[in-house]
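For the record, the sequence lines run as chains A and B.
Note that this note's numbering has the first sequence beginning at 171, numbered continuously upward.
Note that this note's numbering has the second sequence beginning at 640, numbered continuously upward.
Treat the hints as calculated values from the structure; they're not laboratory data.
Just so it is clear, CB atoms sit at the ideal spot from N, CA and C, and this is done for glycine as well.
Careful, some of the hints might be misleading.
[Claimed, not checked] Below, a list of computed lysine-lysine pairs in the DSS-like style, where the Cα atoms sit at most 25 angstroms apart:
id : chain 1 : residue 1 : chain 2 : residue 2
1  : B       : Lys679    : A       : Lys284
2  : B       : Lys691    : B       : Lys710
3  : B       : Lys658    : B       : Lys706
4  : B       : Lys679    : A       : Lys212
5  : B       : Lys679    : B       : Lys661
6  : B       : Lys706    : B       : Lys691
7  : B       : Lys648    : B       : Lys661
8  : B       : Lys675    : A       : Lys212
9  : A       : Lys284    : B       : Lys680
10 : B       : Lys675    : B       : Lys691
11 : A       : Lys212    : B       : Lys658
12 : B       : Lys661    : B       : Lys710
13 : B       : Lys648    : B       : Lys675
14 : B       : Lys691    : B       : Lys658
15 : B       : Lys683    : B       : Lys706
16 : B       : Lys661    : A       : Lys171
17 : B       : Lys675    : B       : Lys706
18 : B       : Lys691    : B       : Lys648
19 : B       : Lys691    : B       : Lys661
20 : B       : Lys658    : B       : Lys648
21 : A       : Lys171    : B       : Lys680
22 : B       : Lys675    : A       : Lys171
23 : B       : Lys710    : B       : Lys658
24 : A       : Lys171    : B       : Lys706
25 : B       : Lys683    : B       : Lys710
26 : B       : Lys675    : B       : Lys710
27 : A       : Lys212    : B       : Lys680
28 : B       : Lys648    : A       : Lys212
29 : A       : Lys212    : B       : Lys661
30 : B       : Lys706    : A       : Lys212
31 : B       : Lys680    : B       : Lys661
32 : A       : Lys171    : B       : Lys679
33 : B       : Lys683    : A       : Lys212
34 : A       : Lys238    : B       : Lys683
35 : B       : Lys648    : B       : Lys679
[To be verified] Per label pair, the in silico range of CB-to-CB distance:
id : chain 1 : residue 1 : chain 2 : residue 2 : range
36 : A       : Thr228    : B       : Thr652    : 16 to 24 angstroms
37 : A       : Asp237    : B       : Gln653    : 48 to 56 angstroms
38 : A       : Arg231    : B       : Gly655    : 43 to 51 angstroms
39 : B       : Gln653    : A       : Ala179    : 29 to 37 angstroms
40 : B       : Lys683    : A       : Val190    : 23 to 31 angstroms
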Amino acid sequence: KQEVTQIPAALSVPEGENLVLNCSFTDSAIYNLQWFRQDPGKGLTSLLLIQSSQREQTSGRLNASLDKSSGRSTLYIAASQPGDSATYLCAVRLIRSSNTGKLIFGQGTTLQVKP
Amino acid sequence: DTAVSQTPKYLVTQMGNDKSIKCEQNLGHDTMYWYKQDSKKFLKIMFSYNNKELIINETVPNRFSPKSPDKAHLNLHINSLELGDSAVYFCASSQDGYETQYFGPGTRLLVL
Numbered sequence: 171k172q173e174v175t176q177i178p179a180a181l182s183v184p185e186g187e188n189l190v191l192n193c194s195f196t197d198s199a200i201y202n203l204q205w206f207r208q209d210p211g212k213g214l215t216s217l218l219l220i221q222s223s224q225r226e227q228t229s230g231r232l233n234a235s236l237d238k239s240s241g242r243s244t245l246y247i248a249a250s251q252p253g254d255s256a257t258y259l260c261a262v263r264l265i266r267s268s269n270t271g272k273l274i275f276g277q278g279t280t281l282q283v284k285p
Numbered sequence: 640d641t642a643v644s645q646t647p648k649y650l651v652t653q654m655g656n657d658k659s660i661k662c663e664q665n666l667g668h669d670t671m672y673w674y675k676q677d678s679k680k681f682l683k684i685m686f687s688y689n690n691k692e693l694i695i696n697e698t699v700p701n702r703f704s705p706k707s708p709d710k711a712h713l714n715l716h717i718n719s720l721e722l723g724d725s726a727v728y729f730c731a732s733s734q735d736g737y738e739t740q741y742f743g744p745g746t747r748l749l750v751l
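All chains, please: the whole structure from these sequences, using the hints.
Right, here's the structure in full:
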């Protein structure tokens, strides 16, 4: 059974700091991994999607890496801003259920960036 | 234009009642989903439909019945609501099972 774990559960940093959010998964037979952002009271917004054949993806100040063999992904946020404050969720799509779209989510890391 | 919309946004009801949540997407996607986010923020898939056909049913109680009148709509009907059904329900859609999923704003259900 695939389990997805995110550490830490919560993180508070001063504005401008670079930070890393961690995601680990137990089953390495993944099709892809996706990072989402959830603002309080809102839905999820997709940030980055990494295919299993890729090592990393970048979008602006965000960089996501994937190491299938160790079952880990990291989301690196450069020069954090108060507007980055949100809950960040990682989700994996397994190869055996890839055509169904089933995502298995971690419980998220709640980030607070203080001005 | 809202890509994935849900109604209502908030739903407060008594135990034992029957309620429905509606979802519509205007992205032209073939696949739609329902997810449940519990009080600990854990998000878990409930159902997936592709072109009005049920693809995933994640051991959800029979009290929950999804209905897809067309591929742009996926509604969720809940019978005999229980306290444990209180959660945020998210609808999502994607072009197919492999592609990025786009989420609606959620429906916050509180069962009293």
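Each hint tested on the structure:
{"no.": "1", "hint": "B:Lys679 x A:Lys284", "in the structure": "24 angstroms, holds"}
{"no.": "2", "hint": "B:Lys691 x B:Lys710", "in the structure": "5 angstroms, holds"}
{"no.": "3", "hint": "B:Lys658 x B:Lys706", "in the structure": "13 angstroms, holds"}
{"no.": "4", "hint": "B:Lys679 x A:Lys212", "in the structure": "15 angstroms, holds"}
{"no.": "5", "hint": "B:Lys679 x B:Lys661", "in the structure": "24 angstroms, holds"}
{"no.": "6", "hint": "B:Lys706 x B:Lys691", "in the structure": "8 angstroms, holds"}
{"no.": "7", "hint": "B:Lys648 x B:Lys661", "in the structure": "10 angstroms, holds"}
{"no.": "8", "hint": "B:Lys675 x A:Lys212", "in the structure": "14 angstroms, holds"}
{"no.": "9", "hint": "A:Lys284 x B:Lys680", "in the structure": "23 angstroms, holds"}
{"no.": "10", "hint": "B:Lys675 x B:Lys691", "in the structure": "20 angstroms, holds"}
{"no.": "11", "hint": "A:Lys212 x B:Lys658", "in the structure": "22 angstroms, holds"}
{"no.": "12", "hint": "B:Lys661 x B:Lys710", "in the structure": "13 angstroms, holds"}
{"no.": "13", "hint": "B:Lys648 x B:Lys675", "in the structure": "14 angstroms, holds"}
{"no.": "14", "hint": "B:Lys691 x B:Lys658", "in the structure": "21 angstroms, holds"}
{"no.": "15", "hint": "B:Lys683 x B:Lys706", "in the structure": "19 angstroms, holds"}
{"no.": "16", "hint": "B:Lys661 x A:Lys171", "in the structure": "31 angstroms, violated"}
{"no.": "17", "hint": "B:Lys675 x B:Lys706", "in the structure": "16 angstroms, holds"}
{"no.": "18", "hint": "B:Lys691 x B:Lys648", "in the structure": "24 angstroms, holds"}
{"no.": "19", "hint": "B:Lys691 x B:Lys661", "in the structure": "15 angstroms, holds"}
{"no.": "20", "hint": "B:Lys658 x B:Lys648", "in the structure": "13 angstroms, holds"}
{"no.": "21", "hint": "A:Lys171 x B:Lys680", "in the structure": "20 angstroms, holds"}
{"no.": "22", "hint": "B:Lys675 x A:Lys171", "in the structure": "19 angstroms, holds"}
{"no.": "23", "hint": "B:Lys710 x B:Lys658", "in the structure": "22 angstroms, holds"}
{"no.": "24", "hint": "A:Lys171 x B:Lys706", "in the structure": "28 angstroms, violated"}
{"no.": "25", "hint": "B:Lys683 x B:Lys710", "in the structure": "22 angstroms, holds"}
{"no.": "26", "hint": "B:Lys675 x B:Lys710", "in the structure": "21 angstroms, holds"}
{"no.": "27", "hint": "A:Lys212 x B:Lys680", "in the structure": "12 angstroms, holds"}
{"no.": "28", "hint": "B:Lys648 x A:Lys212", "in the structure": "10 angstroms, holds"}
{"no.": "29", "hint": "A:Lys212 x B:Lys661", "in the structure": "17 angstroms, holds"}
{"no.": "30", "hint": "B:Lys706 x A:Lys212", "in the structure": "24 angstroms, holds"}
{"no.": "31", "hint": "B:Lys680 x B:Lys661", "in the structure": "22 angstroms, holds"}
{"no.": "32", "hint": "A:Lys171 x B:Lys679", "in the structure": "20 angstroms, holds"}
{"no.": "33", "hint": "B:Lys683 x A:Lys212", "in the structure": "16 angstroms, holds"}
{"no.": "34", "hint": "A:Lys238 x B:Lys683", "in the structure": "22 angstroms, holds"}
{"no.": "35", "hint": "B:Lys648 x B:Lys679", "in the structure": "19 angstroms, holds"}
{"no.": "36", "hint": "A:Thr228 x B:Thr652: 16 to 24 angstroms", "in the structure": "45 angstroms, violated"}
{"no.": "37", "hint": "A:Asp237 x B:Gln653: 48 to 56 angstroms", "in the structure": "49 angstroms, holds"}
{"no.": "38", "hint": "A:Arg231 x B:Gly655: 43 to 51 angstroms", "in the structure": "49 angstroms, holds"}
{"no.": "39", "hint": "B:Gln653 x A:Ala179: 29 to 37 angstroms", "in the structure": "33 angstroms, holds"}
{"no.": "40", "hint": "B:Lys683 x A:Val190: 23 to 31 angstroms", "in the structure": "26 angstroms, holds"}
The structure is inconsistent with the numbered hints 16, 24 and 36, although it conforms to all the rest.
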